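Taken in sequence, the protein lines are chains S and V.
Start counting the first sequence at 526; every next residue gets the next number (this note's numbering).
Start counting the second sequence at 526; every next residue gets the next number (this note's numbering).
In case anyone wonders, no lab produced these hints; they're calculated from the structure.
All figures in this text were calculated on a predicted structure; none of them were measured in a lab.
Any given hint could turn out to be false.
Because identical chains cannot be distinguished in the list, a pair is counted as satisfied if it fits within a single copy or across any two copies.
Listed below are the simulated DSBU-like cross-link pairs for lysine-lysine, each with C-alpha atoms no more than 35 Å apart in a straight line [claimed, not checked]:
#1 K722 / K659
#2 K591 / K714
#3 K578 / K659
#4 K576 / K714
#5 K659 / K591
#6 K576 / K683
#7 K578 / K672
#8 K591 / K667
#9 K578 / K655
#10 K718 / K578
#11 K718 / K655
#12 K683 / K655
#13 K655 / K672
#14 K655 / K591
#15 K659 / K672
#16 K740 / K718
#17 K667 / K655
#18 K591 / K722
#19 K714 / K655
#20 K722 / K578
#21 K722 / K667
Protein chains: 2
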Amino acid sequence: MSLELYYWDGLQGRGEFVRLALEEAGADYVEVARGEASEGLGTRTMMSVMKSKDEPYPPFAPPFLKDGDLVIAQTANILFYLGPRLNLAPSVESLRYVANGLQLTIADMVTEAHDTHHPLASGLYYEDQKAEAKTYAGHFLKERVPKYLSYFDGVVAKSGGPYLMGRRISYTDLSLFQLVEGLRYAFPKGMAKAERKVQRVIEVHERVSGREGIKAYVASDRRIPFNEDGIFRHYPELDA
Amino acid sequence: MSLELYYWDGLQGRGEFVRLALEEAGADYVEVARGEASEGLGTRTMMSVMKSKDEPYPPFAPPFLKDGDLVIAQTANILFYLGPRLNLAPSVESLRYVANGLQLTIADMVTEAHDTHHPLASGLYYEDQKAEAKTYAGHFLKERVPKYLSYFDGVVAKSGGPYLMGRRISYTDLSLFQLVEGLRYAFPKGMAKAERKVQRVIEVHERVSGREGIKAYVASDRRIPFNEDGIFRHYPELDA
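Next up, chain S with everything else stripped away, as it sits in the complex:
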C-alpha cells in the first residue's frame, strides 16, 4: 500500500522536508491534500482524517504520514520513521538518534526562520508585525544563522563528510539542502554573506542538488515554488 503524506497544498512548508526524502528514495506515495476530490483526495479529506472520531491518536497539525493504520505526526518524527525504510538513515541504530538530534536542530532553525516574519503571533498578519519582524530578522541573520550553519559545518567536518553523518547520505542532508534553499530564497543578501564561512554546508547542498531523484523532483511540477505562504518568505525589507 502507498504511503500517504498529508500536508497543505500550495506551499512547501514543513511538508517539503518529508517530500524530499520520499522523492530521493523514489517511494510510492500519495499527497492526499494535493489530490482530486473526485478521487477521494484533497484538503477536505486531510481535514476529515484530523477530525476523525475513528482515529485513536489524531495529529495536532500537518504534516502527518499514514502508513496503513499508523498515523505519524511531526516532521522530524516522520523522517525518523521513514529513514530506515527509505534507506536514508544510518545503518547503525544508535546513530539514528544522532541523525534525529541533527534533524531536530534543523527543525529549531526552521521555526526561527518562520518567526522572522511572524514574531508576535501566527494569527496576526505580517503587515501588523512588520517592525517587530525587522528586529527579529536582524538578530536571526546576525546571530542565529551563523551559529546554526557553522554548527552544521562543524558536524560535516567532524564526520569526515561529504555528508552530515559521514560517507552515506541521510535524510538530514536533504533537510540541510532545503534549509539552504529556503534561506537563499528568503534572505538572498544575508545568506550570500553567511555562506562564505560554511563551505561544507554549501557542498552538502550542491551534492544533494546533483542527485538524480532530487534533480528530477525539483524540475517537476510536484515541487511547489517558494512563495509568501510558506515558512521561507522573501520580504526584501527583512533581508539585511
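Got chain S sorted already, so can you dock chain V onto it with the hints?
Relative to the frame of chain S, chain V by itself:
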C-alpha cells in the same frame, strides 16, 4: 555505567523533561553540570564535552545525554531513546512514534511558552522586549494555550485514559505534568481559566503528581524551583 545528563545548573528548562523521566524510573544517572568540579563535574565539564575535538557528533545545545560513547541531543530525542529503557514508552513499537509525535507537540508549546518573554530575540533582555512580550503572551493565552491543551485533552479522551497513551503511563505524561506546572507558575490567572475546559489534562497532572518517584523528586532539592532564568517565567504583567 551511569547515564550522564548534561543540562544547565540553576534552572529547570528543557532538561526538566528528561529529569522527570529519570526520576520516575529511579534511574542511575549523574547530572554532570550540577556536580562538583573536584569530582570532575560542573558546567565547565559540560562545556568541554560540547567543544571536544574527540566527540564525532557534538550537540548544538544542552540538554544532551551520554550513554557510554553515544551522545544524544534534543529533549524529545533523549526521551525517545530513554523511554523503552526506563519502561516509560509504549510496548508496541509503532506506538512509540505516536508518543514521539505527542512529545514534539509538547516541545512546540514549550518553545512558544519561552517566546512569551522573548518574542524578538533570545539575545535581548526581557526588559528590551516587554511591550512585544505582552502582545505575544496575550495571543498565547487566548489562542494557543486553549488550542494545545484541548488537543491533549482530546488525546486522553480518545485513548480511553487515564494517560495520554491509554492505560499505561509514558514519558509524555510526565512532560504534560511539567507543562501544566510551568504554565501555572508563569500564568496563574490565565491558566486557572484555561484549566476549566481541559479536565482530562488536569487529571493526568494529578495522577503524575501522586506517583512515588515524582513525589519524592519534587520534594527533594534535586528539583530546582521555577525561576526567571527558565522557560516558564512569572512576569505578572504577561498574565492576562
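I'd like to know which numbered hints this structure contradicts. Please list them from smallest to largest. 2, 3, 5, 9, 12 and 14
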